[in-house]
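On the provided structure of chain A, position chain B as indicated by the hints.
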Amino acid sequence: MKVDPESIEHWKRKIAAYRVFLKNWLEPSNLAGLRPKLKFQTGILAGFALMASVLLGVTNCSTEGTIQKRLDEDLKKSLEEVVPAALYDNNILQDTLSIPSADYNIGAKETMVYIAKKLGKVTAVSFKFIAPDGYSGAISMIMGLDREGNILGVRILSHKETPGLGDKIEVTKSNWILSFVGRSLDNLSKQQWAVKKDGGDFDQFAGATITPRKSVQAIYRGLQLFKDHQTQLINP
Amino acid sequence: MFLSKPYRKIASDGLWNNNIVFGQNLALCPLLAVTGTATNGLGMGLATLVVIICSNGLISAARHLIPSEIRIPIFVLLIAALVTLVDILMNAWAHELYKVLGLFIALIVTNCALLGRAEAFASRQPVRYALWDGLMMGLGFTLVLVTLGAAREISANGTLFANASLLLGHSFKFLEITVIHDYKGFLLMALPPGGFIMLAFIIVSKRLIDRKLAQRKAIIKIVTPVIAEESV
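As they're listed, the protein sequences go chains A and B.
At position 61 of the first sequence (counting the first as 1) the number is 62 in the numbering used here, and the numbers step up by one without a gap.
At position 128 of the second sequence (counting the first as 1) the number is 130 in the numbering used here, and the numbers step up by one without a gap.
Next comes chain A alone, as it looks inside the complex:
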């Protein structure tokens, strides 16, 4: 493409003129005169709002993929924590089954079950579930079960419980969550599936009873979900 040297000159002059204008406009003395004007105020507020929303929108769009990737990595890591890697040789993130869970009060109408298989045979299942009634919001958890419904492991994925009190449900803060390993609906009665304060088998924390109580109840409901769909899940 041939560019007319005169038009380049023309644009250069125009840009220089704009720059001078902007520089003069941004002079504190000029802005001091503009600030009391209603039009200027409206424009500035709109300008800042536009700037903020564009900035947030661009950041959100450009990091969405990265954040999703990080969440997938997290999911894989937590799956490995509740289902020992030795138990399966399939791609557990892909091998899933969706079962209806609206009646179990575990936060979702459909629960995605990740199925661990070794040599084609189901060895364990894992699924995420939610205690919707934690002390300060939902507690999101993941649980791994073997074919018979014994707990292989439970982990907390996210929660908003009180730092220093309720956050002892996290495995990094206390061993409490490990007390579920090996428990099932068969080796504990319904009564025992509760915190000690309610006559059950599981510890509560000093200063935080609601968090562990609701966690235990949600895990119990999760086990029921598995039991009711056991045949379907272990014989795909």
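It is worth saying that the hints were derived from the structure and are not from the lab.
Hints may contain errors.
Take a look, some chain B residues computed to stay more than 10 Å from chain A by CB distance [claimed, not checked]: (1) 7; (2) 26; (3) 27; (4) 59; (5) 90; (6) 111; (7) 144; (8) 160; (9) 174; (10) 175; (11) 178; (12) 211; (13) 214; (14) 221.
Keeping only pairs whose Cα atoms sit at most 20 Å apart, straight-line, the calculated EDC-like set for lysine to aspartate or glutamate is [said to hold, decoys possible]: (15) A:191 x A:229; (16) B:175 x A:171; (17) A:118 x A:81; (18) A:174 x A:73; (19) A:78 x B:178; (20) A:70 x B:71; (21) A:161 x B:89; (22) A:122 x A:81; (23) A:197 x A:134; (24) B:101 x A:147; (25) B:101 x A:73; (26) A:174 x B:71; (27) B:101 x A:75; (28) A:174 x B:178; (29) A:119 x A:81; (30) A:77 x B:98; (31) A:161 x A:202; (32) B:101 x A:171; (33) B:101 x A:82; (34) B:101 x A:81; (35) B:186 x A:204; (36) A:38 x B:71; (37) B:101 x A:74; (38) A:40 x B:71; (39) A:78 x A:147; (40) A:161 x B:71.
These numbers were taken from a predicted model, which means no experiment stands behind them.
Idealized CB from N, CA, C, for every residue including glycine.
Relative to the frame of chain A, chain B by itself:
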């Protein structure tokens, strides 16, 4: 001292005289909410430090553009946008840190100290002073958070900097100390009332120190009368 006078004044204001908590009695909501342990206090302090430096710098740079009639909505808009931005970026690029600190980031929005600094300082001062003020105010706030967190943690659990290695990485494991062995625990201190009680003790000791300093000054300069504390 190697700093020039205005910088020194800003530093002593931020760290001690006009400290966000001691001097201005601001930011009590996040303060009492997270200072159950020294580690949480440190995390909240660092996150606030970053945001207050950014918000001070930004508001100072745009101070001539902002009409005083609509300054508050603009400050709120800028601070909220900044906090959300930090939240998103940390989630994407510092995910491990985010999992520990993420809890505190959203709480910064409720921190009226940021708005206070924007209003009282950044909107009237050149950018370099505003950035320095943000740094000093943030450090002063962090100092109080860690002190209060440590005092509450020791009295509630008998430990200090529990779980610090989760926040700062494994090389900081040495910070985790059990101060009182076989401590039975004193739950009240871990709960919000304990925060208020401990905060009162800390503010009282700050005032006692100030009074001692003023007395010493008065003895040195016998002719100068003791000036009553302005506003604490």
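Taking the hints in turn, this is what the structure says about them:
1. 7: holds, 24 Å
2. 26: holds, 24 Å
3. 27: The claim holds: residue 27 (chain B) sits with its nearest Cβ about 23 Å from chain A, beyond 10 Å.
4. 59: Non-interface label on residue 59 (chain B) holds, nearest chain A Cβ at 15 Å vs cutoff 10 Å.
5. 90: violated, 5 Å
6. 111: Non-interface label stands for residue 111 (chain B): nearest chain A Cβ at 14 Å, farther than 10 Å.
7. 144: About 17 Å separates residue 144 (chain B) from the closest Cβ of chain A, which puts it past 10 Å; holds.
8. 160: holds, 13 Å
9. 174: Holds, because the least Cβ-Cβ distance between residue 174 (chain B) and chain A comes to about 15 Å, which exceeds 10 Å.
10. 175: For residue 175 (chain B), whose nearest Cβ neighbour in chain A is about 13 Å away, the distance exceeds 10 Å, so it holds.
11. 178: holds, 12 Å
12. 211: At about 28 Å from chain A, residue 211 (chain B) clears the 10 Å cut-off, so the statement holds.
13. 214: holds, 33 Å
14. 221: holds, 44 Å
15. A:191 x A:229: holds, 16 Å
16. B:175 x A:171: Holds - the C-alpha atoms of residue 171 (chain A) and residue 175 (chain B) are around 19 Å apart, at most 20 Å.
17. A:118 x A:81: Satisfied, since the Cα-Cα distance of roughly 13 Å is no more than 20 Å.
18. A:174 x A:73: violated, 23 Å
19. A:78 x B:178: violated, 26 Å
20. A:70 x B:71: violated, 44 Å
21. A:161 x B:89: Holds, at roughly 16 Å.
22. A:122 x A:81: holds, 18 Å
23. A:197 x A:134: holds, 19 Å
24. B:101 x A:147: violated, 29 Å
25. B:101 x A:73: holds, 14 Å
26. A:174 x B:71: It is violated: about 49 Å lies between the C-alpha atoms, which goes past 20 Å.
27. B:101 x A:75: Given that 20 Å is the threshold and the Cα spacing comes to 10 Å, the pair holds.
28. A:174 x B:178: Roughly 13 Å between the alpha carbons, so the hint for residue 174 (chain A) and residue 178 (chain B) holds.
29. A:119 x A:81: holds, 15 Å
30. A:77 x B:98: It holds: about 15 Å lies between the C-alpha atoms, which stays within 20 Å.
31. A:161 x A:202: violated, 25 Å
32. B:101 x A:171: holds, 12 Å
33. B:101 x A:82: At roughly 17 Å apart (the allowed maximum being 20 Å), residue 82 (chain A) and residue 101 (chain B) satisfy the hint.
34. B:101 x A:81: The given pair, whose Cα atoms are some 18 Å apart, holds under the 20 Å limit.
35. B:186 x A:204: holds, 17 Å
36. A:38 x B:71: holds, 10 Å
37. B:101 x A:74: It holds: about 13 Å lies between the C-alpha atoms, which stays within 20 Å.
38. A:40 x B:71: Holds: residue 40 (chain A) and residue 71 (chain B) sit about 13 Å apart, inside 20 Å.
39. A:78 x A:147: Holds. Residue 78 (chain A) to residue 147 (chain A) sits at ~18 Å (cutoff 20 Å).
40. A:161 x B:71: violated, 38 Å
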